[in-house]
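K.L.:
Okay, here's what each chain looks like letter by letter:
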Amino acid sequence: MKKVNVTIDGFQINVPEDATIMQAAEQLGIKIPRLCYHPDLSIEGACRVCIVEVEGANKYVTACANNVSEGMVVKTYSPDIRQARRDIVELILDNHPRECQLCERDGNCELQNLAFRLGVRERLYEGKRKRHEREESSPAVIRDAEKCILCRRCVRVCSEIQGIHNLSQLHRGFDTVVAPAYEGPMDESVCIACGQCINVCPVAAFLENNSTDKVWNALADPKKHVVVHIAPAIRAAIGEGFNLPIGTPVAGKTVTALRRLGFEAVFDTDFGADLTIIEEAHEFAERLKKNENLPMLTSCSPGWIKFMEHFYPELIPYASSCKSPMQMNSTLLKTYYAEQKGIDWKDIYVTTVMPCVAKKFEAERPEHHTKDGIPYTDAVITTRELIWMVKAFGIDFNNLPDSEFDDPLGFSTGAGDLFGTTGGVMEATLRTAADKLTGKSQQELNFTQVRNAEGLKEASVKIGDKTLNVAVANGLNNAKTILDKVKEGKKQYHIVELMACPGGCIGGGGQPYPTEGHYVLEKEVLKKRAKALYAIDEEKKIRKSHENPSINRLYKDFLGEPGSKKAHQLLHTTYRPRQPRGIK
Amino acid sequence: MNDNMIEITLPQDIVDYIEECKEKPYPDSYLIAILHRIQKEFGYLSEENMDQVAQLLQVPTSTVSGVATFYHFFRLQPKGTFHISVCMGTACFVKGGEQVLDSFKYELGVEMGETTSDQLFTLESSRCIGVCSLAPVVTINGKVYSKVTPNQVPDILNRLKENEK
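One line per chain: the protein sequences are A and B, in this order.
With this note's numbering, the residue at position 82 of the first sequence is 82, and numbering never jumps.
Plus 1000 on top of the position in the second sequence (first one is 1) and you've got this note's numbering.
One should not assume that every hint holds.
[As the list claims (entries may be wrong)] Derived SDA-like pairs: lysine to any residue, alpha-carbon spacing no greater than 25 Å straight-line: (1) A:Lys-436 / A:Lys-565; (2) A:Lys-487 / B:Leu-1057; (3) A:Lys-584 / B:Gly-1089.
It is worth saying that the hints were derived from the structure and are not from the lab.
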């Protein structure tokens, strides 16, 4: 690549000619203010906040959308630019509600921070304001178009990363609004509830459907036996909400915090993950024997499952019938645990803490309700919601002592922890499959072929005399690549792991908003969170799901064999094609 | 598995046209042309028809919806029996066109671009139609009403309703 010389704010730099002004400035340690820009998404140039002065140009240009050229002289800062940027932000604010204190993103809103940094101290403009109803049809994602500033990050993440194309800009000019087709309700759209629109939104135009009130009320109800279980990805990320370094594993503190909030028992979704491996391994062995419905597609990610139902209904028979770890745990809490404790299952209130917004949707699926129509999971809160609850309660998280999960659904192996990252379900599966297929305990535990944060991984793993072709995809655009190959029969895979969110659950739609100096879905952040999970796995004595003594006891006392009638009744589920059918 | 595909009810010539477009480079770029044909056939773009375009052209429904709402030419509701167009050109505006429009809005209970629930009247505005000496003017199904005042509006509407009976 040809390199060019550029002068930015008086500093000379030599950069590749395809660099943008913004990128060149960053190399000099100049972070030009920005709003609609996101490094992983296409360039939009919608907000105009990153304008700079280029010598010889007759107007200000956006630093994100313009490349450098030989001899270019750029000024990123001058009284005029400072004023112009501030005017731009003031104009955005003019069409935005003035209710920061009532907003869920007060304190971590990009627009609020930007306005403060640019020196907006008074509101000089007063014009017509757009009015839109808050759209709350979906149990997972709320759309609040009145707060939207039309940066289109959500539209881009929904199409470019997830390949859903659910959101689009409708109408024009002052009436422009971001919404699903025909401005229909989210609930009746192809939205897969992954929540990435919430993650990338700089304001609060998209939010999770908050369940904390439900949980507070349950906790205050003396008749209810309120229990909770937490997903693997929580322990690797929740610390960020309390200013701990990214990737600090804090399972012990989280358990203590949940007990202080008033939960009577704190369990680990990792247990359900171990159990998923046992049931899935059994299912896979059966399919392999009969050579039917291969590859088996994993079923832990509810966003991916809804995606399949909308976009690839023809692949439904290939999906594992196993419930997700969350649903396995919740089901067992209202059956096995109730029986063991001698509590009426109707008095048990199951809360889960998930890195995921789609889990809220999953919990409401009728497939995951009892015969009486009562959900096995009563409330799902995201990592963000738990952080808020802990703060609201006045718990000093960082100074909490560690404590252990409760029995019997609290003990997990290292394999269970891996479920929180892309490739983790595959690695956990391979550990068990290696032992089962060869009939002896294998020493090699780390299947590094399926690690790393790439969106798409393929590997052929030799186990005994068999070679298993596996694929791992995260981010649904990547999933499409694999699924199209499966559909066309181009490649024979045995198992495909699919997770809706970039990086897997650690990059889920319910994870903490980025801390100072980071951006949402940043690869380095995801890697650090994954590293925390791999570290937890390394430290555990038992690292294979089928060696979990609690699981073995569960089968002995309650379920019988893996794949038994009872196991099928409680731990497996069904899927259905959905309307509207997604396009592309 | 076709059991959750959208049923195609568009006329065969439009389906053929879409298939033709799909053979060309950049099929997406024919979206506007396709929507024009549908509007010509049905007078407006229904959600059912836009769904079919999305399915046949393999373009996301949200994109079709985005394009259809962006261009004012596209109608998203069926046209009523009577198409009322109030001129908002400079001369008509100055002579009170806006008050006339407000009167139609009030009498019909609809906003600009909308159709009454009995499917009888569609209210729209137009730019100068070139008969400024008659300002303010209103055209209803092509017939020109000249020097209209707001209080004539109920009469005009009643007469049209009578004729329809």
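K.L.:
Does each hint hold? Answer for all of them.
P.N.:
Quick rundown of the hints versus the structure:
1. Restraint check for Lys-436 (chain A) and Lys-565 (chain A): the C-alpha separation of about 21 Å stays at or below 25 Å, so the hint holds.
2. Restraint check for Lys-487 (chain A) and Leu-1057 (chain B): the C-alpha separation of about 20 Å stays at or below 25 Å, so the hint holds.
3. Restraint check for Lys-584 (chain A) and Gly-1089 (chain B): not satisfied, since their Cα atoms lie roughly 44 Å apart, outside the 25 Å limit.
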